[in-house]
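These protein sequence lines map, in sequence, to chains A, B, C and D.
In case it helps, my numbering puts the first sequence at residues 19 to 501.
In case it helps, my numbering puts the second sequence at residues 19 to 501.
In case it helps, my numbering puts the third sequence at residues 19 to 501.
In case it helps, my numbering puts the fourth sequence at residues 19 to 501.
No lab work stands behind these hints, which were simulated from the structure alone.
Note that the structure is a prediction, hence the values are computed from the model and not measured.
From the three backbone atoms N, C-alpha and C, an ideal C-beta is built for every residue, glycine too.
Please note: incorrect hints may appear among the correct ones.
[Said to hold, decoys possible] Below are the DSSO-like pairs computed for lysine-lysine, each with C-alpha atoms no more than 27 Å apart in a straight line:
1. D:Lys-377 to A:Lys-377
2. C:Lys-377 to B:Lys-377
3. B:Lys-159 to A:Lys-159
4. D:Lys-159 to A:Lys-416
5. A:Lys-231 to D:Lys-231
6. A:Lys-416 to A:Lys-377
7. C:Lys-231 to B:Lys-416
8. C:Lys-231 to B:Lys-377
9. C:Lys-159 to D:Lys-159
10. A:Lys-231 to D:Lys-159
[As the list claims (entries may be wrong)] Looking from chain C toward chain B, a few residues come up when the C-beta cut is under 8 Å (computed):
11. Pro-251
12. Ala-256
13. Ile-335
There are 4 protein chains.
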Amino acid sequence: MEPLDLIHQPASDPLAENEPCSALGHHCGVAGLFSPDPLNVPERLFYMLFSLQHRGQESCGVAWEEDGRHRGYKDLGMVAPVLGRFLREERRSRLGIGHVRYSTAGGGGLQNAQPIVVDCNKGRLALAHNGNLSNGGRLRKELTAAGSIFQGTADSELVLHLISRSREGTREDFLREALAPLEGAYSLVLMHEGALVAIRDPSGFRPLYVGEKGGATYVASETCALHAVGPMPFREIAPGEVLIVDRAGSRSFFLEPRLPRRACVFELIYFARPDSEVFGESVHGARVRLGEMLAELDEAAGLRADVVVPVPDSGNIAAIGYARRAGLPFDFGLARSHYAGRSFIMPTKDQRELAARLKLHAVPEVVAGKRVVMIDDSLVRGTTSRIIVGLLREAGAKEVHLRLAAPELKWPCYYGIDIPSRDELISNRLDAAGIAREVGADSARFLPVDRLLSGLGHSQGYCSACFDGNHPFRPDVGEKEGQ
Amino acid sequence: MEPLDLIHQPASDPLAENEPCSALGHHCGVAGLFSPDPLNVPERLFYMLFSLQHRGQESCGVAWEEDGRHRGYKDLGMVAPVLGRFLREERRSRLGIGHVRYSTAGGGGLQNAQPIVVDCNKGRLALAHNGNLSNGGRLRKELTAAGSIFQGTADSELVLHLISRSREGTREDFLREALAPLEGAYSLVLMHEGALVAIRDPSGFRPLYVGEKGGATYVASETCALHAVGPMPFREIAPGEVLIVDRAGSRSFFLEPRLPRRACVFELIYFARPDSEVFGESVHGARVRLGEMLAELDEAAGLRADVVVPVPDSGNIAAIGYARRAGLPFDFGLARSHYAGRSFIMPTKDQRELAARLKLHAVPEVVAGKRVVMIDDSLVRGTTSRIIVGLLREAGAKEVHLRLAAPELKWPCYYGIDIPSRDELISNRLDAAGIAREVGADSARFLPVDRLLSGLGHSQGYCSACFDGNHPFRPDVGEKEGQ
Amino acid sequence: MEPLDLIHQPASDPLAENEPCSALGHHCGVAGLFSPDPLNVPERLFYMLFSLQHRGQESCGVAWEEDGRHRGYKDLGMVAPVLGRFLREERRSRLGIGHVRYSTAGGGGLQNAQPIVVDCNKGRLALAHNGNLSNGGRLRKELTAAGSIFQGTADSELVLHLISRSREGTREDFLREALAPLEGAYSLVLMHEGALVAIRDPSGFRPLYVGEKGGATYVASETCALHAVGPMPFREIAPGEVLIVDRAGSRSFFLEPRLPRRACVFELIYFARPDSEVFGESVHGARVRLGEMLAELDEAAGLRADVVVPVPDSGNIAAIGYARRAGLPFDFGLARSHYAGRSFIMPTKDQRELAARLKLHAVPEVVAGKRVVMIDDSLVRGTTSRIIVGLLREAGAKEVHLRLAAPELKWPCYYGIDIPSRDELISNRLDAAGIAREVGADSARFLPVDRLLSGLGHSQGYCSACFDGNHPFRPDVGEKEGQ
Amino acid sequence: MEPLDLIHQPASDPLAENEPCSALGHHCGVAGLFSPDPLNVPERLFYMLFSLQHRGQESCGVAWEEDGRHRGYKDLGMVAPVLGRFLREERRSRLGIGHVRYSTAGGGGLQNAQPIVVDCNKGRLALAHNGNLSNGGRLRKELTAAGSIFQGTADSELVLHLISRSREGTREDFLREALAPLEGAYSLVLMHEGALVAIRDPSGFRPLYVGEKGGATYVASETCALHAVGPMPFREIAPGEVLIVDRAGSRSFFLEPRLPRRACVFELIYFARPDSEVFGESVHGARVRLGEMLAELDEAAGLRADVVVPVPDSGNIAAIGYARRAGLPFDFGLARSHYAGRSFIMPTKDQRELAARLKLHAVPEVVAGKRVVMIDDSLVRGTTSRIIVGLLREAGAKEVHLRLAAPELKWPCYYGIDIPSRDELISNRLDAAGIAREVGADSARFLPVDRLLSGLGHSQGYCSACFDGNHPFRPDVGEKEGQ
């Protein structure tokens, strides 16, 4: 059976927004809150989702309880235009959840936007999901055979069908039954009959945090979304933990089996926001350490340079670490336009060259006559790097050394990150020397996987499958669909 | 369990469009086509749905088969802005269906827009529905108890769940099983694994027609949608008929039990487009006869008048019949602005008075010093009539006699028409004399139900429940939801 | 010196609106008001301009006095979307003017939108203009030579420069001096230092009316715009009259020389709204008479027919007159879609054929087997008529006789009406018999010019140059620009 | 005579865009090009204006020669949405100019958008202007008295009237005559009868550069706009220079009197883009030096700190200079959201607090337990600084020392910069110690004016009137209107 492909034209062109420069697809973000005293819940969710916008720009939505009913609103587009209305409406509620969604070009569309709000025999349910199930295809086939109907193409509907099909009566029992067959990544936030439920898969692929402020409980993918509401104490929701919050208070149970932690290392390298904590680590701190490790390798290799220039803003923090460890000046040799997010259609190849100049500029004052170490967070296809190196040379750089604060990206991810096909990944075609030649740099260097893992806080517990192909779960044949 | 209420802001404000003057809600319209030779199916559906726009302005959508997959597109808004893109895209396909949807103010939203496109164990399915199930609430409860999940509030999802839950293997068998429990109105168009399926409920509440042109088969709620593609021979799909068209050709079977026909008389009075045939009748011809009947009643009562003036455009055709039978001049004593569809927010009562003047104008040349017979198709709340009578008087009319080419509207409809609550219907508060007083007319007259039914082609086979309360099916308690 | 061509993309696509079917360009409309007691002037202007929308759909605007300053707002687009904001804003003012503008495809643009609001040595001035100056080109050259700057291409800037360059000190003197050199059509409304000034050219080409209600004075191109504010006594502003209204009251003076009246007969045939009075005539009444005259000609010629069908809505009223005089039934054999104003891009010829079906439908019930007299107001290129005749034949009409309630259109207009080039006008290529053949009708007939003029109230005082080439003023070489 | 105030609702809300954080109004930017071989001139202007977007976000426009005519397009809004169409249209031209405009809240509107395209006795003229004339009010009064009409409120129309009124015959002569009476700032770009004319006022207040590439000549406010077309040799257009480029080549003449240079020092501190050169200085380099000077002052004062944190992005470069000179680590202790440009309406004070958190985040990893030097470019009202200091303290900063890489802002600018009224400027209310108290910092320090001027390349030739009140030209009474 072929996947559906419901297409939909967004109300506001999602391309017409600020975009980070990188070619790697973000996945999704989730948020939720429960307050014993009624609050303007959709407004609070707006603030949280706005702070998670970097995790998904295709669609967003909120669902909340109001006057004993579930209400919801979602659309293609970014948080500010789609959900901005909730800053101007006063709605009293105790409970709500929200979602921002990234999607691959082909599989997007409004039918996959979340939260999904349904009626079923367990009552009123709403769900928001970050992650991807590696056995989603098989489960979908089984459920369909048993009479379930799927309106979208995303894994998240699966969870609702499994809950609805469970014969168990209590919330803990039917959740245990429904979640047992799932393999892969799922950080879930649910509304169910007056309760907020937050679930993190036993491998802990994706982050999930909980905090408290003024008697209310807030759940979000990253701590930056908690800060958006205000300063509050927080903790990581543990791998396999199911946290339930309602008027009776808050309690947790744990899913079996308790698997080894497999936190996605790419969250630290690239996805998460620098002011967040994920997996118990400061994202900023981790990125500084990645830059330091790179500098140590270059020092050992005897590289001589004059200035460290980050690719803004993705390479900023690693460049701080590199410059500090190498004892070299850090400087803004590349400037990003404040207005370049506003995209425009570029029909010809010529125009694409010109467009690149509009987004990024080299600063002659910083790089002319210098040996430049140019730092970025990771390398996907290498096309942008080639243009940037060209800008630096045009502005007079004497040497350009490309440094990536991550290992070579070579493998697909089955747990929620949208990585281009193996053919497109430059590191599957070329080694570092070949890459340097292709992008026009004097040299190129990556961070080896073992160095990356040992350099982070724990040497264990990370999934680095996209770098080393060591996948914790193998998908069913033909599976790959990002959440 | 409370109904969900997923709200959604439309891409284009549906209010900012042409609106017919009446206060009665239209319901929905469906269309479909199968062609053995590939055509630009979405483009053809555009023409058909555009011609059915009067049946629903809230949302619209199409689904079609392309490269062996089901594709779809739907949004809140009118056909031209939402589906206009398909006039500019070349898509080759053999099969497609479409829908225009009207919805009550509260129950609208994108989650109820159609076609619904799903994957299930019967394969790829897409459905568009016109009508309303009077036992929808009970069926929904039963299906939910058995594990089905509902994402929207409309009846149409029910049909898909019943199909998916059937254990029958052949298309005819599972359709028979799935449709058997349905009570009420359903004109359905489905795509199923390469076949177009058109279904009309055994009571035949809503119209459904099929035509052929150039080897292709076209299905639509009204014949005007067939004409939009070009002149073609057509026939009514019979009550209880299930028509299947695919590469093997076209064949029908019939649902049991064969109930007496209950065609909605309001389709002839108000809903259908005058150039359409529905229920085997010319809509224009039926409306002329309604006007003639009114004139006969007035003649018997000895009314003396000078000119017959329709409320444009809803009273136009009945006024032709009235003037012809009464031997009085027909004239355009009221003119409608060509630009008044574009609505504007009117916050104050003062402005509402002024706004009425923008939409409709009385022509002194026609009515000054005259005894005016003012014809409209039906009377709901009476508020607009009061304003129009005032305009005529202000332009110098000596007498104004309000004539309605329909009986008194008094009861709810459970089969797909959105009628205001009984309290709001003026005919539940006042008799004709009282209505004349309230709207400022010298007299008022309705067409009696028995006269209406005997005056139409068949004296039997019409549902006139909204006038006489004689409902063929009673709903479950609390049921009322329009399609 | 080539004309400028400043292009501008409208905020709202003016094509995406209701459009009358005809191919003749409307010109412009003006409105103004003065009230000794402050009113919400922009709101009142909204109502007046909305009622003048048929006179111009390209752009619209208002200017008013507020707190001793001139304020203004204008944009490309229709009255409701562009000026709708003024229904929601409370602004107190004594004085304001407004404008709706039609423009030819090439010469449009926001730089020509009105009112024009300026500072000059006569103080604060704002102007709105309906008409066209036949000596505009020469005056522009003279003014430019003397140092004047033109930002737009329309004649209206001329009037402001002439006012500014006058050495006369009093308002009456500088207006007399500034207006003296003008030839052609100008109905002007000005705000000048607290006064409303309404001016009609000595030939009286374009209509201009004044009315009083509640102490306030309202000026507008047609009486329908006065009715939009409420019932009020009104009178025609005379050819050559300059009416000044301010806190000191209202007084008039007259421009010299007093030329013979040359009222545009096309206002009665086509432009003005049927519920208006223009040139002292009821527009509805005049159109009924045109239809009667046509019927008399056909009677004399012995035409036999079964039904009179108007092309909606342009032929509606003449068809009433024709049917009445001919003793034939009037019926709606053609129906216009209520939703077809919403235009869509039609790239291929095939689609254009299909699009015509979306806008207009023939009703078989009315025309099948009948000899049809099809009435329209005028014939320009003949392309639409060919399609409509085809629709009638397809619906079964036995004969189709095309009747036009106007003479053959053959000449350009230099006074504000946008008529296609002589080559495009079908009556310059073919006689009535040839036209009947080209559009597929059994016969065609126009109203002769002398019959038209003698049949109207006065046999004198109309400009019929577009029919007979008898132009009151000849333009400078190369002049033609509509207002 | 009161100034006009034509209001206009922009097609796209200019607020719904990325905004730099500062409260100081940018002014305008100009661009132009002449090429002997036809190019897609509007496309090239798009690239140049996009790179000047930081100089004005209210409106933008282009004008160009095409087929011997002047064509133009302008609207309220940003370059990408308003002018993006020119990336998709192929237009061949030799000559064009463009403009981006900033405007104060009150005086904006489409009637002031540029280029202004006119017909006059010198032929076809189009003009774009950056700057402000300090004697604009007096000149306007004189010209009005002489019969000139003003449609907008900006100074730029003045220049066109002066050109039109000149009796001189040659371009050089009438330009000399027209420009002679102007006082204040004007960098002008004109199209005149096939020639590109670039003019910089004798004081050289605003920058203006010219470059050549592929035979074509490009003119722009900053060199970054030249780079946007590609690398090319360039030079500063000298104060008082009038550069003319046409098919005969390029030549210059100079305006009298030759005044001392008064280059606006705020261009270096804040307005110009860091990768630009203006006034012969690298903007990046100048800002690094400003930071170094601050560090020297702090060193002399014995300040002890742990980390240097810029307010992103306005303080970035000065912070590099400070950290380098002070020997302290530079780090990103404040992060800016990539999505916060998209603004939203914040009706309540509570929400304003929350909104600030959405735009800027403090990074605990960087600042917790640290003595932080927080660097920004300048201080206007101080409200944002108070919030930022609060975020740093909340994230654990032990001390916060506010450092501004500019002197105290105290005076108005009459030459094109929009500075809030003197009352609003915090430095007119408080000294550094008072400011530190008000924003919650441990200390505050500005750069003294003499240090600023001596520290820049030349110690002479800058206008620093906004800091020291030493205005080169005094305006006429009541004058202040930004370009």
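Verification of the supplied hints:
{"no.": "1", "hint": "D:Lys-377 to A:Lys-377", "in the structure": "holds (21 Å)"}
{"no.": "2", "hint": "C:Lys-377 to B:Lys-377", "in the structure": "holds (21 Å)"}
{"no.": "3", "hint": "B:Lys-159 to A:Lys-159", "in the structure": "holds (25 Å)"}
{"no.": "4", "hint": "D:Lys-159 to A:Lys-416", "in the structure": "violated (58 Å)"}
{"no.": "5", "hint": "A:Lys-231 to D:Lys-231", "in the structure": "violated (61 Å)"}
{"no.": "6", "hint": "A:Lys-416 to A:Lys-377", "in the structure": "holds (23 Å)"}
{"no.": "7", "hint": "C:Lys-231 to B:Lys-416", "in the structure": "holds (24 Å)"}
{"no.": "8", "hint": "C:Lys-231 to B:Lys-377", "in the structure": "holds (21 Å)"}
{"no.": "9", "hint": "C:Lys-159 to D:Lys-159", "in the structure": "holds (25 Å)"}
{"no.": "10", "hint": "A:Lys-231 to D:Lys-159", "in the structure": "violated (63 Å)"}
{"no.": "11", "hint": "Pro-251", "in the structure": "violated (13 Å)"}
{"no.": "12", "hint": "Ala-256", "in the structure": "violated (22 Å)"}
{"no.": "13", "hint": "Ile-335", "in the structure": "holds (6 Å)"}
The structure fails to meet hints 4, 5, 10, 11 and 12 from the earlier list, while all remaining hints are met.
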